[in-house]
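K.L.:
The residues making up each chain are set out below.
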Amino acid sequence: MTWDWGVFFEVIPLIFKGLWITIGLTIACYLFAMIFGFFWVFVARIPSKTISWIFRWIAEFIRSTPPLVQLFFIFYAWPMVPVVGVTLNPFVAAILGLGLHFSTYLSEVYRSGIESVDKGQWEASTALNLSTKQKWLKIILPQAIPPTIPMLGNYLIIMFKEVPLASTIGVVAMLHMANDYGAQHWKYVEPLTVVALFFLLLSYPSALLISKLEKKYNRRFDKKTISTL
Amino acid sequence: MGKPIVNYSKIHKSFGDVDVLKGINLDIKPGEKVALIGPSGSGKTTIIRMLMTLEQPTSGTILVNGENLWQMEKKGQLVPSDDKHLHAIRGDIGMVFQHFNLFPHMTIVENCMLAPALAKKNDKKEVKIQAVEMLEKVGLGDKINLYPAQLSGGQKQRVAMARALMMKPKVMLFDEVTSALDPELVGEVLEVIRDLAKEGEMAMILVTHEMDFALDIADRILFLNEGVIEEEGPPSELLVNPKSERLQDFLARFNKR
Ligand SMILES: Nc1ncnc2c1ncn2[C@@H]1O[C@H](COP(=O)(O)OP(=O)(O)O)[C@@H](O)[C@H]1O
Ligand SMILES: [Mg+2]
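Taken in order, these protein sequences are the chains called A and B. For the first sequence, our numbering assigns the number 321 to the initial residue and increments by one for each residue that follows. For the second sequence, our numbering assigns the number 24 to the initial residue and increments by one for each residue that follows.
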């Protein structure tokens with residue numbers, strides 16, 4: 321085979337369209353995962369030992385099985401489950417599947433952030449008679465979340481790279497488009513190279529940005545960087 | 024001085040199978056200044072943490088202003104307090120911690136404003152004026168927009184006091200508030216406490232190792248040993264003529280240092 325620059329430039333605009341779908345899907349999955357991540361944190365703190373234990377095992381189960389299996393389950397198997405089964409559009413199934421999978425990772429990130437907040441912060445909030453909601457919103461989360469932003473960002477990049485899995489249940493995004501083009505024209509190398517390049521172009525600067533954020537948030541409460549003197 | 028603002032009766036507390044407090048009976052009168060002394064591990068911190076609702080007694084009752092702190096009535100029965108009940112009562116109690124526990128993500132004036140601004144539908148401007156006044160009172164009027172990390176230990180502890188005072192508690196608890204400080208910073212913190220004590224209307228329970236200070240400001244000293252109040256009395260009596268052998272030993276160890 322020979323490398324064909326003509327094909328290369330021809331597929332760029334085509335795959336660029338798919339790029340937007342990939343980005344959109346990543347963002348949708350990620351938002352779902354961020355919100356649902358809090359759900360796992362919340363249920364783990366339910367006073368009832370049995371309930372929190374059950375949910376902990378569900379989360380553990382989701383975390384330890386491959387996301388591809390979960391996607392297939394949600395898309396192909398769930399519609400056949402009596403009563404609760406529904407057929408989902410591939411896009412929605414992808415958001416649920418990947419979002420759910422990553423929510424279990426994000427919940428661990430949240431948990432580590434929350435546990436890193438000193439016990440004295442809870443006690444001072446109690447001594448000042450703050451309500452439970454006020455403690456979380458004003459004291460704990462504002463300290464727990466900023467240090468985890470680099471980790472959250474890392475998961476965003478990892479998720480971005482996992483999103484092509486959605487093509488297996490028929491979400492037509494970058495990879496799927498490249499593959500279709502390949503099948504039609506019997507040219508795979510150029511379109512797939514373009515896909516790889518697009519991933520690189522987005523992932524690498526994001527990774528740089530995250531390491532910047534990492535530095536910024538690690539210094540956040542330091543004397544020198546606070547400029548509001 | 025009328026009926027007690029705080030009353031402990033037959034308070035027991037165990038952690039696992041360790042009995043830490045073995046029957047504490049104690050009345051604090053409104054405005055009274057009580058110093059709590061005793062060897063490390065004798066349960067001083069635990070006593071005041073139970074009043075701040077940070078620790079639940081194993082048995083016994085604590086009354087604040089005559090109201091049962093850890094139990095409430097529900098359908099004619101005494102049941103453990105829920106959040107709402109604790110919330111209603113602990114507004115009268117304030118606490119200053121050994122390690123300050125300031126909120127690092129807020130400036131010190133924000134630290135002072137947070138709770139009163141959230142608690143009542145107070146005007147934010149009014150709360151800010153009060154917070155600035157309070158910080159001036161503890162000698163930090165020129166530092167209101169700094170973050171806790173920019174302050175010395177003594178300054179942090181003074182902020183912590185201002186923050187607790189903003190809630191206008193009737194009883195203020197101090198848990199070894201100078202023991203995490205460099206020796207040269209202890210004086211400035213004790214000075215603020217001394218001024219507060221002189222103002223008079225607020226009751227104080229001070230867990231402290233500063234005997235001279237206790238002698239100076241306390242109306243009464245309690246000596247806690249192995250989970251019971253072994254001896255109590257006015258400072259001049261208790262520190263000068265200790266009766267029990269254990270207190271004599273304890274004080275002798277102090278004077279040697
Ligand atoms: N949360 C806890 N869990 C288990 N043991 C505790 C806890 N808090 C205090 N203790 C134990 O209770 C005893 C009294 O502690 P504390 O009230 O802190 O004493 P003090 O303040 O007089 O030094 C100590 O032996 C301590 O180890
Ligand atoms: Mg202590």
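Calculated from the structure, these hints are not laboratory results. A hint or two may mislead.
Stated by the list, open to error - If we take Cβ atoms under 10 Å as the criterion, some of the chain A residues that face chain B in the derived model are:
{"no.": "1", "residue": "Ser-368"}
{"no.": "2", "residue": "Thr-446"}
{"no.": "3", "residue": "Leu-450"}
{"no.": "4", "residue": "Gly-473"}
{"no.": "5", "residue": "Asn-474"}
All residues carry an ideal CB built from backbone N, CA and C; glycine is no exception.
K.L.:
Hint by hint, say whether it matches the structure.
P.N.:
How the hints compare with the structure:
With its C-beta approaching chain B no nearer than about 16 Å, Ser-368 of chain A sits outside the 10 Å limit, and its interface hint is violated. Restraint check, Thr-446 of chain A versus chain B: the minimum CB separation of about 6 Å is within 10 Å; hint holds. Annotation: interface hint on Leu-450 of chain A holds; nearest CB of chain B at approximately 6 Å, less than 10 Å. Of the supplied interface hints, the one on Gly-473 of chain A is violated, with its beta-carbon coming no nearer than about 20 Å to a beta-carbon of chain B, more than 10 Å.
Below 10 Å, beta-carbon pairs count as interface contacts, and Asn-474 of chain A has none with chain B, the closest being about 23 Å; its hint is therefore violated.
Hint violations for this structure: numbers 1, 4 and 5, all remaining hints satisfied.
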